[in-house]
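Trainee: Kindly produce the complete structure, drawing on both the sequences and the hints.
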Amino acid sequence: MKSKIKCDWCEKEISRYPSQIKKHNFCSRKCLADFSNKNKNPNGYSKLKNYESMSKNMIEINKKLNPTRMTNETRQKLRNARLNCGNGVTYSKYYGVHEHRVVAEKILGRSLRMEEVVHHIDGNKRNNDECNLIILPSQSEHAKLHLRDRAFWEGGDAE
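So the sequence shown is residues 1 to 159, counted in UniProt numbering.
Calculated directly from the structure, the hints in this document are not laboratory data.
Do not rely on the hints blindly, as some may be mistaken.
Dumping the calculated DSSO-like pairs for lysine-lysine here, alpha-carbon to alpha-carbon at most 30 Å [as the list claims (entries may be wrong)]:
| hint | residue 1 | residue 2 |
| --- | --- | --- |
| 1 | 106 | 93 |
| 2 | 6 | 30 |
| 3 | 63 | 93 |
| 4 | 38 | 77 |
| 5 | 77 | 106 |
| 6 | 56 | 93 |
| 7 | 4 | 30 |
| 8 | 22 | 56 |
| 9 | 64 | 30 |
| 10 | 22 | 63 |
| 11 | 40 | 64 |
| 12 | 40 | 4 |
| 13 | 77 | 56 |
| 14 | 22 | 77 |
| 15 | 23 | 64 |
| 16 | 64 | 38 |
Using C-beta positions, here's what the derived DEER-type ranges look like [claimed, not checked]:
| hint | residue 1 | residue 2 | range |
| --- | --- | --- | --- |
| 17 | 138 | 36 | 31 to 39 Å |
| 18 | 142 | 17 | 54 to 62 Å |
| 19 | 68 | 92 | 48 to 56 Å |
| 20 | 107 | 82 | 23 to 31 Å |
| 21 | 109 | 11 | 51 to 59 Å |
| 22 | 81 | 17 | 46 to 54 Å |
| 23 | 139 | 84 | 35 to 43 Å |
| 24 | 36 | 15 | 18 to 26 Å |
| 25 | 76 | 21 | 47 to 55 Å |
| 26 | 36 | 80 | 37 to 45 Å |
| 27 | 138 | 97 | 13 to 21 Å |
| 28 | 48 | 125 | 33 to 41 Å |
| 29 | 139 | 82 | 24 to 32 Å |
Cβ coordinates follow ideal geometry from the N, Cα and C atoms, glycine included.
Mentor: Structure, rendered in structure tokens:
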């Protein structure tokens, strides 16, 4: 037996079987699209889905359902297959993390914060030697460093 409920967007009365009733119910795809639109529904948009930790949850589900897929040996084999095939135009990675960030974390003895930036002194993004890296607190500080360097080489005043 169907129940009478209201569309979450236009509040039109609709009938649904109990098994069809969800957290949000809509009379049409247009109402669903309008409800999902950040511009049309700035307050309700954030309540539509909780994307936080969805990726972490998928990793856990994958580990549980497919435990033999990404073993350390498999990860190493995939890493070796892609190693050094970027022609020097990209940052080298270590298990999906930029290698210069891994080196910087070893220097600091802790994980880098998201906002921290690692700068290559000689400009060579493949030179991850400890003495070639500077850890800056933000992208803003990194931009200021480049501005000072440019002004120095062009003979201007950076400040």
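Trainee: Run every hint past the structure and note whether it holds.
Mentor: Each hint, compared with the structure:
no. : hint                    : in the structure
1   : 106 with 93             : holds, 15 Å
2   : 6 with 30               : holds, 15 Å
3   : 63 with 93              : holds, 23 Å
4   : 38 with 77              : violated, 42 Å
5   : 77 with 106             : holds, 24 Å
6   : 56 with 93              : holds, 21 Å
7   : 4 with 30               : holds, 20 Å
8   : 22 with 56              : holds, 24 Å
9   : 64 with 30              : violated, 38 Å
10  : 22 with 63              : holds, 29 Å
11  : 40 with 64              : violated, 39 Å
12  : 40 with 4               : holds, 26 Å
13  : 77 with 56              : holds, 23 Å
14  : 22 with 77              : violated, 44 Å
15  : 23 with 64              : holds, 28 Å
16  : 64 with 38              : violated, 35 Å
17  : 138 with 36: 31 to 39 Å : holds, 34 Å
18  : 142 with 17: 54 to 62 Å : holds, 57 Å
19  : 68 with 92: 48 to 56 Å  : violated, 28 Å
20  : 107 with 82: 23 to 31 Å : holds, 26 Å
21  : 109 with 11: 51 to 59 Å : holds, 58 Å
22  : 81 with 17: 46 to 54 Å  : holds, 50 Å
23  : 139 with 84: 35 to 43 Å : violated, 28 Å
24  : 36 with 15: 18 to 26 Å  : holds, 23 Å
25  : 76 with 21: 47 to 55 Å  : holds, 48 Å
26  : 36 with 80: 37 to 45 Å  : holds, 42 Å
27  : 138 with 97: 13 to 21 Å : holds, 19 Å
28  : 48 with 125: 33 to 41 Å : holds, 39 Å
29  : 139 with 82: 24 to 32 Å : holds, 27 Å
Hints 4, 9, 11, 14, 16, 19, 23 from the list above are not met by this structure, while the remaining hints are.
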